[in-house]
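Add chain H to chain C, keeping to what the hints say.
Protein chains: 2
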Amino acid sequence: MNTEAQEVEKKVLEKIKPSRSDEETLKSIANLVVNELDKFKQQTRIDMKISVEGSFAKGTWLKTDPELDVFIILPSNYDKEFIKNELYPKLRAWLNDYSPIEQYSEHPYLTLQIHGVKVDIVPSIESLPGAKIITAVDRTHLHTEYVKRKTDERLRDEIRLAKAFARGIGVYGAEIKIKGFSGYLLELLTIYYGGFRRLLEAAAYEWVPGKIYIDIEGVSDPLQAKQAFGNPPMIVIDPTDPRRNVAAAVSMEKLSEFIMAARLYLSNPKEEFFFPKPLHPVEKRRLLGLAETFFENVVLVELRHKARLPPDTLWGELQRALSIMKNILEKNEFEVYRCDAWSDEKEQSILACLLSTPIKTKYRLIKGPPIKEREHSIRFIEKYLHSPFLGPWIVGDRLYAISVRKEVLATSLIEDHLGEILVSDLTDSTAKVSLLSWRPEIIEDEEIGEWILSFLLGKPKWLWALLDYQKV
Amino acid sequence: MNTEAQEVEKKVLEKIKPSRSDEETLKSIANLVVNELDKFKQQTRIDMKISVEGSFAKGTWLKTDPELDVFIILPSNYDKEFIKNELYPKLRAWLNDYSPIEQYSEHPYLTLQIHGVKVDIVPSIESLPGAKIITAVDRTHLHTEYVKRKTDERLRDEIRLAKAFARGIGVYGAEIKIKGFSGYLLELLTIYYGGFRRLLEAAAYEWVPGKIYIDIEGVSDPLQAKQAFGNPPMIVIDPTDPRRNVAAAVSMEKLSEFIMAARLYLSNPKEEFFFPKPLHPVEKRRLLGLAETFFENVVLVELRHKARLPPDTLWGELQRALSIMKNILEKNEFEVYRCDAWSDEKEQSILACLLSTPIKTKYRLIKGPPIKEREHSIRFIEKYLHSPFLGPWIVGDRLYAISVRKEVLATSLIEDHLGEILVSDLTDSTAKVSLLSWRPEIIEDEEIGEWILSFLLGKPKWLWALLDYQKV
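First to last, the sequence lines map onto chains C and H.
Residues in the first sequence are numbered consecutively from 1, following UniProt numbering.
Residues in the second sequence are numbered consecutively from 1, following UniProt numbering.
Just chain C, same shape as in the assembly (with noise of 0.2 Å):
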């Protein structure tokens, strides 16, 4: 037994198991949401029931993440188009003045915040047993009994270290942004393992990324579900549903990271796996100053949106850009070591590669056709012939040119190229495209200086708790 580890959960538990209070104040506030509802369905007459679900419904939330899921239940002749015209429209007029955030997963749902919780409420279509089921969420209250039922006081706890744990190390969240681990796929995981510990210890030494396939409740046919799953990095069935992967939307990057924790946890033991210590400012200042070196090295698309995008399509498209703008550099021999994106969520988002160089030789080779295919071969001689003057030549049997490059800056290439990166609701978008060392004063403002920092650094958050900054 590693009581080092021990000693560190302990801790951490310390900070993050809610109180008797704690408690209480979510109570009252779960209270005041289901007495809103209760009163907007007598007003509005639609049949629903109004049901408190999520991690404060199984007992498995955090101190430090309080939150709320309340979920409005139609019965299930209802449909989503119900919910969309009719049912969200009252809705949020009727909670104008807690000022509701709109969001979009499968159908619109609210997000309000009381007394600094965040409460989701979320219409969902009841699903009868057996029937097929219409929303993603109908699942949810399937999930809270599931949950319940399987756990006691202690595995309770253990859930709160493993969601504490994926927090900290920055794998929390199905959402499209992370691209992590959900809280029901660490409830799970918590309880097919017996704990914490055990979950890091499998994780550690067991898992193998495309082959983990987990079933507690033993309901599917292993051949079956992988065939119908395709090729994820990991299957975990959902206990109430054998035909779901609860797993479906971790990345293979946050599953490595995942597994790459665990090991260094377990062998290092520290609090700041599951609370990364904020950088002093005059550190951060430090390490900015040593990361100038670089500002040259990173192609900036500045996007300031004309509307107000639901953060999963954001994401969403903010990804898609990210990964056309690699491709565009790659084919033009840009050497790129990492692309991220940033987002206020609101009007303001920031598209970055970090490069080997942001300019090109002028001359690039050309690998041409075999000499075997005729036409081909005698065609790129002529076209080569004259320029840029060298070339062609023959290496084996295949013939070669120097060419030049249309574009030798990053940033002229993506801006000629910015219609193929901005696509969907993007394409309203304004864009700038500069350099970093161009545009140094964006690391001013305090999230966007931290965000380029840990952009720059590279390294994910729980190396960040192994960093010795003196030494760098």
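Bear in mind the hints are in silico, worked out from the structure with no lab data behind them.
It is possible that some hints are incorrect.
Identical chains blur together in the list; that is why a pair holds if it fits in one copy or across any two.
Stated by the list, open to error - Computed list of lysine to any residue pairs in SDA-like fashion (alpha-carbon distance at most 20 Å, straight line):
hint, residue 1, residue 2
1, Lys11, Ser267
2, Lys211, Pro370
3, Lys471, Leu142
4, Lys179, Gly396
5, Lys383, Ser267
6, Lys461, Val395
7, Lys331, Thr357
8, Lys179, Val395
9, Lys367, Glu335
10, Lys461, Phe389
11, Lys406, Asp65
12, Lys461, Gly396
13, Lys406, Thr357
14, Lys284, Arg405
15, Lys90, Ala204
16, Lys360, Asn332
17, Lys372, Ser429
18, Lys84, Ile101
19, Lys15, Leu142
20, Lys277, Leu457
21, Lys372, His141
22, Lys471, Ser403
23, Lys372, Ser267
Structure of chain H alone, referenced to chain C:
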């Protein structure tokens, strides 16, 4: 029938076909040499036959390229050691007045220059029919017999065209410097196809490198032969010895160049394919001026040799050095466009590589292990956590980091590795590493200047024929 080509070939033949008086001149030189060797035989009392072989004996020599091969043939009970230790030193002393140049293939031989004609004097051992051949040159007599028997006056002219074409496009010669087509190989190919034009057509439209198998007399078993010869670019069975591939020396490049040149000649017949136009000095200056942009991308190793080596040995080592040099540059992520060597074959040689850039960024991307390699991945993180402070990070299931490059300059890199590059007989040479831009004065030497220009242009000589200098 392509009359344009006919016209070109007629003009070429007028230039390359020896006249009766050319014949007489060469014959008298042959007699002179044979007489000298007869006297040598009488003086030394070594049992030997003296025989004039090669293209003069076969009637396939070029007026523009007069040369004689005179063989000293020892009876079959002699061995290579005797040639090396007894015959050769005496022969050399005997011919001292002709300033003989020492050459070396399987054993030493001598080259004389008499009235501008190159005369090779080659000791060999008679091979009895059916017995194992002792040295490669022992087959020469059989070759002479075969070619004389299979050709008439017309076919000998066709062979002359084939040789002049191969010489013009720079693929004539089996020596290591060229790795091209020997005279005997071109004789066999012309005999096989019945003429020069038909040979070019076969090369242009039928030959696929690696799949050329020619056995004029049908003396070999193709399956067995292919196994015995490995997988060379082309196989041409020696009609006098089925165990020998006459095309063994032909490199993939020279074969490919022959094929491409044949295609371009057939569609655009020009005398320049046979006689590359020498550049007007003014034009050469102008092109070198244009090429100056690239001088800073050429890494030079200038060598001064202590001892003079036989050309084949020297070129073998220069090419080996070149390939090691290219490897070291590429392992350190320099993009190498092309490498080549020049030598005066006496005391001075130059190795050169053309790079996309001679300076790399200070930082380089390191591809680490996949995270499923547990120990390896933890060691990787420990190694790169602080140095140079960017990374490590994860893409997919693999670790990456940024590291500091030891050498950012191609010249320093090559200097650090000279010990690996200059091996065997080259270790004695003094070496100076520089960029061509630091040493522009070396192009003042006419021969080196011409080589540098041709190195930078990169085009094989047969492409110069198509080049419109006005356009570059």
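Within, between, both or neither, where Lys406 and Thr357 count as close if Cα-Cα is 20 Å or less:
both (17 Å within a copy, 17 Å between copies)
Please sort Lys284 with Arg405 into within, between, both or neither, judging by C-alpha distance up to 20 Å.
neither (39 Å within a copy, 26 Å between copies)
Could you place Lys90 and Ala204 in one of the four classes (within, between, both, neither) given a Cα distance threshold of 20 Å?
Neither: 49 Å inside a copy, 79 Å across copies.
Can you tell me if Lys211 and Pro370 fall within 20 Å by alpha carbon in one copy, between copies, both or neither?
For Lys211 and Pro370, the Cα distance is within 20 Å only across copies (14 Å; inside one copy 41 Å).
Tell me, please, which holds for Lys360 and Asn332 at an alpha-carbon limit of 20 Å: within, between, both or neither?
both (9 Å within a copy, 18 Å between copies)
I want to check one pair: Lys179 and Val395. Are their C-alpha atoms no more than 20 Å apart within a copy, between two copies, both, or neither?
between (46 Å within a copy, 14 Å between copies)
At 20 Å max between alpha carbons, let me know whether Lys461 reaches Gly396 within a copy, between copies, both or neither.
between (48 Å within a copy, 17 Å between copies)
When no copy is specified for Lys84 and Ile101, does a C-alpha distance of 20 Å or less occur within a copy, between copies, both, or neither?
within (15 Å within a copy, 97 Å between copies)
Treating 20 Å as the Cα threshold, decide for Lys372 and Ser429: within, between, both or neither.
The answer is neither: 49 Å in one copy and 41 Å across copies each exceed 20 Å.
Regarding Lys383 and Ser267, is the shortest C-alpha distance of 20 Å or less found within a copy, between copies, in both, or in neither?
between (60 Å within a copy, 16 Å between copies)
Treating 20 Å as the Cα threshold, decide for Lys179 and Gly396: within, between, both or neither.
Result: close only across copies, 13 Å inter versus 46 Å intra.
Homomeric proximity label, Lys277 with Leu457: Cα distance no greater than 20 Å:
Only inside one copy: Lys277 and Leu457 sit 15 Å apart there, 59 Å across copies, limit 20 Å.
Violated hints, listed in ascending order, are 3, 11, 14, 15, 17, 19 and 21; each of the other numbered hints is respected by the structure.
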